[in-house]
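Chemist: Taking the hints into account, I'd like the entire structure generated from these sequences.
Number of protein chains: 2
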Amino acid sequence: MDTTRLSLNQATVRPLTLAQTLRLCARHQIPAVGLWRESIAAAGLADAAAAVRRSGLHVSSLCRGGFFTHADPAAREAARSDNLAAIEEASVLAADVLVLVSGGLVAGSRDLGAARRMIADAIAELVPRARDLGVLLGIESLHPMFCADRCVLSRLGDAVDLALTFPADAVGVVVDTYNIWWDSRAGADIARAAGRIAGYQLGDWVVPLPRDMLLGRGHLGDGAIDFPSITEHVLAAGYDGFAEVEIFNQQVWDAPPDDTAATVKERFAGVLGPVPWRGAGTG
Amino acid sequence: MDTTRLSLNQATVRPLTLAQTLRLCARHQIPAVGLWRESIAAAGLADAAAAVRRSGLHVSSLCRGGFFTHADPAAREAARSDNLAAIEEASVLAADVLVLVSGGLVAGSRDLGAARRMIADAIAELVPRARDLGVLLGIESLHPMFCADRCVLSRLGDAVDLALTFPADAVGVVVDTYNIWWDSRAGADIARAAGRIAGYQLGDWVVPLPRDMLLGRGHLGDGAIDFPSITEHVLAAGYDGFAEVEIFNQQVWDAPPDDTAATVKERFAGVLGPVPWRGAGTG
Numbered sequence: 131m132d133t134t135r136l137s138l139n140q141a142t143v144r145p146l147t148l149a150q151t152l153r154l155c156a157r158h159q160i161p162a163v164g165l166w167r168e169s170i171a172a173a174g175l176a177d178a179a180a181a182v183r184r185s186g187l188h189v190s191s192l193c194r195g196g197f198f199t200h201a202d203p204a205a206r207e208a209a210r211s212d213n214l215a216a217i218e219e220a221s222v223l224a225a226d227v228l229v230l231v232s233g234g235l236v237a238g239s240r241d242l243g244a245a246r247r248m249i250a251d252a253i254a255e256l257v258p259r260a261r262d263l264g265v266l267l268g269i270e271s272l273h274p275m276f277c278a279d280r281c282v283l284s285r286l287g288d289a290v291d292l293a294l295t296f297p298a299d300a301v302g303v304v305v306d307t308y309n310i311w312w313d314s315r316a317g318a319d320i321a322r323a324a325g326r327i328a329g330y331q332l333g334d335w336v337v338p339l340p341r342d343m344l345l346g347r348g349h350l351g352d353g354a355i356d357f358p359s360i361t362e363h364v365l366a367a368g369y370d371g372f373a374e375v376e377i378f379n380q381q382v383w384d385a386p387p388d389d390t391a392a393t394v395k396e397r398f399a400g401v402l403g404p405v406p407w408r409g410a411g412t413g
Numbered sequence: 131m132d133t134t135r136l137s138l139n140q141a142t143v144r145p146l147t148l149a150q151t152l153r154l155c156a157r158h159q160i161p162a163v164g165l166w167r168e169s170i171a172a173a174g175l176a177d178a179a180a181a182v183r184r185s186g187l188h189v190s191s192l193c194r195g196g197f198f199t200h201a202d203p204a205a206r207e208a209a210r211s212d213n214l215a216a217i218e219e220a221s222v223l224a225a226d227v228l229v230l231v232s233g234g235l236v237a238g239s240r241d242l243g244a245a246r247r248m249i250a251d252a253i254a255e256l257v258p259r260a261r262d263l264g265v266l267l268g269i270e271s272l273h274p275m276f277c278a279d280r281c282v283l284s285r286l287g288d289a290v291d292l293a294l295t296f297p298a299d300a301v302g303v304v305v306d307t308y309n310i311w312w313d314s315r316a317g318a319d320i321a322r323a324a325g326r327i328a329g330y331q332l333g334d335w336v337v338p339l340p341r342d343m344l345l346g347r348g349h350l351g352d353g354a355i356d357f358p359s360i361t362e363h364v365l366a367a368g369y370d371g372f373a374e375v376e377i378f379n380q381q382v383w384d385a386p387p388d389d390t391a392a393t394v395k396e397r398f399a400g401v402l403g404p405v406p407w408r409g410a411g412t413g
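Chains as they are written, first to last, in the numbering used here: chain A, 131 to 413; chain B, 131 to 413.
The set of hints was computed from the structure by calculation and includes no laboratory data.
Even for Gly, the Cβ is constructed at its ideal location relative to N, Cα and C.
Heads up, a few of these hints could be off.
A few chain A residues facing chain B, derived, Cβ under 10 Å [unchecked claim]:
#1 Trp166
#2 Phe197
#3 Ser239
#4 Arg240
#5 Arg246
#6 Ala250
#7 Ala254
#8 Met275
#9 Asp279
#10 Trp311
#11 Arg315
#12 Met343
#13 Leu345
#14 Ser359
#15 Phe378
#16 Gln380
Per label pair, the in silico range of CB-to-CB distance [to be verified]:
#17 Ala176/A to Gly351/B: 45 to 55 Å
#18 Thr134/B to Pro203/A: 13 to 23 Å
#19 Asp202/B to Leu294/A: 38 to 48 Å
#20 Pro203/A to Pro386/B: 43 to 53 Å
#21 Ser239/A to Asp342/B: 26 to 36 Å
One-sided excerpt, in silico: chain A residues whose CB lies under 7 Å from chain B [said to hold, decoys possible]:
#22 Leu175
#23 Val236
#24 Cys277
#25 Ala278
#26 Ser284
#27 Asp288
#28 Trp335
#29 Gly351
#30 Ala354
#31 Asp356
#32 Trp383
#33 Thr393
Modeler: Next comes the structure, spelled out in structure tokens:
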């Protein structure tokens, strides 16, 4: 049982405040946390950063920037400003990565290529500031069922292709099991992402999906995903960061948070127990 | 306006019997129909085939065979028998293709590769009979959101890879816009499928998806899909068969069938009007 690389993403315990989340992690000896900007804004950035520092928790990610695809130049400019703010927040919080969910089709358009080019241009504009502040941008591909309205980068390979056009110290990819598990090319694309994996997120694919597709994630082991296999690919690609458990699920949110944290930890150890963290050769 | 290559898939007017569907197509001068085995069984195969012949309609597909992934050898054998029956039906009906929806993960397993190998083995067993009867098997990739429970071939490229291992006169792929539109590799995979495209199905991706993901398809033009672009790729790959409009949608089923047929025809002409059917160079 090795949970030294476990991180709890705040989304898994969404009803909690930042302070409550930090205390929950401490109580359950979970060493890292993935943060959401909403909760940081609610606490105030400086206060939030101080609370995180006092907690001793590692910040494995800040969720999230992105949503770059807008027809209206003013909306694109607003997205740019918001992403610059997110970069500053990620820097102050010392997050390993700022997760980018890039946006769906431009309203009124069916042109996937145009949306993807808009995303590339928007990220290019952010790179100088990210490098100045030492923030790593992590492009996340989303499941194809979110292509139209949330992210036109539907395959991990799309995210890798885009990341590789930028300097490695500024842009990587976030591998999320829920979004990529079905892809016969996932292993090959993870290998192509060697040195570029900026974050790793875990959530299971539960059948059937609930009414709201966004809330269809389950605890590790409750669904269809082969976590050891994907994790071995991620480690073989040199990733030595944390693995965040990120579960959007109303039933999980309705459960007592201490039960959720205990389940997260137990499942992480049980499902990924045999996987040698800190590099495939050193377990 | 060119609807000479339009086919109405029976699923679009699911409440109708076979006879009603054939009359509907005749009334609206839709020249082809995609049939479902349930309606053929309800009418009786010989009677159904006679009715189709009398109608003068072309049969662009029979839906469907597949569901090959079973842990239990008896269940695999039952699937084999059922698929052999489907091949006979496709032959009697003179269908252009027998559509195969291959099946999800084997119950109790998370091994995508094992499920894919089981599908390859099952299709290999069917090929001799399909060739004997002159039936083309069409492997369809399904949207990744159906990977766990309906079809582990989630990318068109998965279907193409598998089809290419078999003789071209026995096995091809079915391109369905709804299942592949999000894929940045779709165009390249359609090109790889040159000479192997056994069927082409059209349905739009409507946002948001309804509660039942299976019923999320919309009339052409109501959603996110760029039909001219995909169709141009399909034609450039040499496809000269029919294009079936296949819409699973409760609201469509609740509408008067004549309204549905009129809308199908009008949208097909409107959305695909500029596309030169019968080969990209001959429009």
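Chemist: Evaluate each hint against the coordinates.
Modeler: Verification of the hints:
With a cut of 10 Å, the hint placing tryptophan 166/A at the interface with chain B is violated, because the nearest CB-to-CB distance is about 23 Å. Interface hint at phenylalanine 197/A: violated, since its Cβ lies 15 Å from the closest Cβ of chain B, which is beyond the 10 Å cut-off. For serine 239/A, the suggested interface contact is upheld, since its CB lies about 9 Å from the closest CB of chain B, less than 10 Å. Interface restraint check: arginine 240/A against chain B, minimum CB-CB distance 4 Å, threshold 10 Å, status holds.
At a threshold of 10 Å, the smallest CB-CB gap from arginine 246/A to chain B is about 7 Å, leaving the interface hint in force. Checking alanine 250/A against chain B: minimum C-beta separation of about 13 Å lies over 10 Å; hint violated. Interface restraint check: alanine 254/A against chain B, minimum CB-CB distance 19 Å, threshold 10 Å, status violated. Given hint, methionine 275/A at the interface with chain B, holds; its Cβ is 4 Å from that chain's nearest Cβ, closer than 10 Å.
A distance limit of 10 Å between C-beta atoms decides the matter here; for aspartate 279/A the minimum to chain B is near 5 Å, and the interface restraint holds. Nearest Cβ of chain B to the Cβ of tryptophan 311/A: about 8 Å, under the 10 Å cut. The hint holds. Of the supplied interface hints, the one on arginine 315/A holds, with its beta-carbon coming within about 7 Å of a beta-carbon of chain B, less than 10 Å. Hint status for methionine 343/A relative to chain B: holds, with the closest Cβ pair at about 6 Å, below 10 Å.
About 13 Å separates the beta-carbon of leucine 345/A from the nearest beta-carbon of chain B, more than 10 Å, and the hint is not met. Nearest Cβ of chain B to the Cβ of serine 359/A: about 8 Å, under the 10 Å cut. The hint holds. About 15 Å separates the beta-carbon of phenylalanine 378/A from the nearest beta-carbon of chain B, more than 10 Å, and the hint is not met. The closest approach between the C-beta of glutamine 380/A and any C-beta of chain B is roughly 14 Å, which is over the 10 Å cut-off, so the hint fails.
Distance hint check for alanine 176/A and glycine 351/B: the Cβ-Cβ separation is about 51 Å, which falls inside the suggested range of 45 to 55 Å. Between threonine 134/B and proline 203/A the CB atoms are about 44 Å apart, so this pair departs from the stated range of 13 to 23 Å. Against the hinted window of 38 to 48 Å, the Cβ-Cβ separation of aspartate 202/B and leucine 294/A comes to about 45 Å, which satisfies the hint. Between proline 203/A and proline 386/B the CB atoms are about 45 Å apart, so this pair conforms to the stated range of 43 to 53 Å.
A beta carbon spacing of about 28 Å between serine 239/A and aspartate 342/B agrees with the range 26 to 36 Å that was offered as a hint. Of the supplied interface hints, the one on leucine 175/A is violated, with its beta-carbon coming no nearer than about 33 Å to a beta-carbon of chain B, more than 7 Å. A hinted interface residue such as valine 236/A counts as satisfied when its beta carbon comes closer than 7 Å to some beta carbon of chain B; here the least separation is about 11 Å, so the hint is violated. Hint status for cysteine 277/A: holds, given a least beta-carbon distance of 4 Å to chain B, under 7 Å.
Interface restraint check for alanine 278/A: the shortest CB-CB distance to chain B comes to about 4 Å, inside 7 Å, so the restraint holds. The restraint placing serine 284/A at the interface with chain B holds, with a minimum CB-CB distance near 5 Å, inside the 7 Å limit. Because the smallest distance between the Cβ of aspartate 288/A and any Cβ of chain B comes to about 5 Å, under 7 Å, the interface hint for this residue holds. About 6 Å separates the beta-carbon of tryptophan 335/A from the nearest beta-carbon of chain B, less than 7 Å, and the hint is met.
Because the closest C-beta pair between glycine 351/A and chain B is about 10 Å apart, greater than 7 Å, the hint is violated. The beta carbon of alanine 354/A is positioned within 7 Å of a beta carbon in chain B (closest approach about 4 Å), and the interface hint is therefore held. Checking aspartate 356/A against chain B: minimum C-beta separation of about 4 Å stays under 7 Å; hint holds. A least Cβ separation of about 20 Å between tryptophan 383/A and chain B goes past the 7 Å threshold, and the interface hint is therefore violated.
Interface hint status for threonine 393/A: violated, as the beta-carbon distance to the closest one in chain B is roughly 19 Å, over 7 Å.
The structure fails to meet hints 1, 2, 6, 7, 13, 15, 16, 18, 22, 23, 29, 32 and 33 from the earlier list, while all remaining hints are met.
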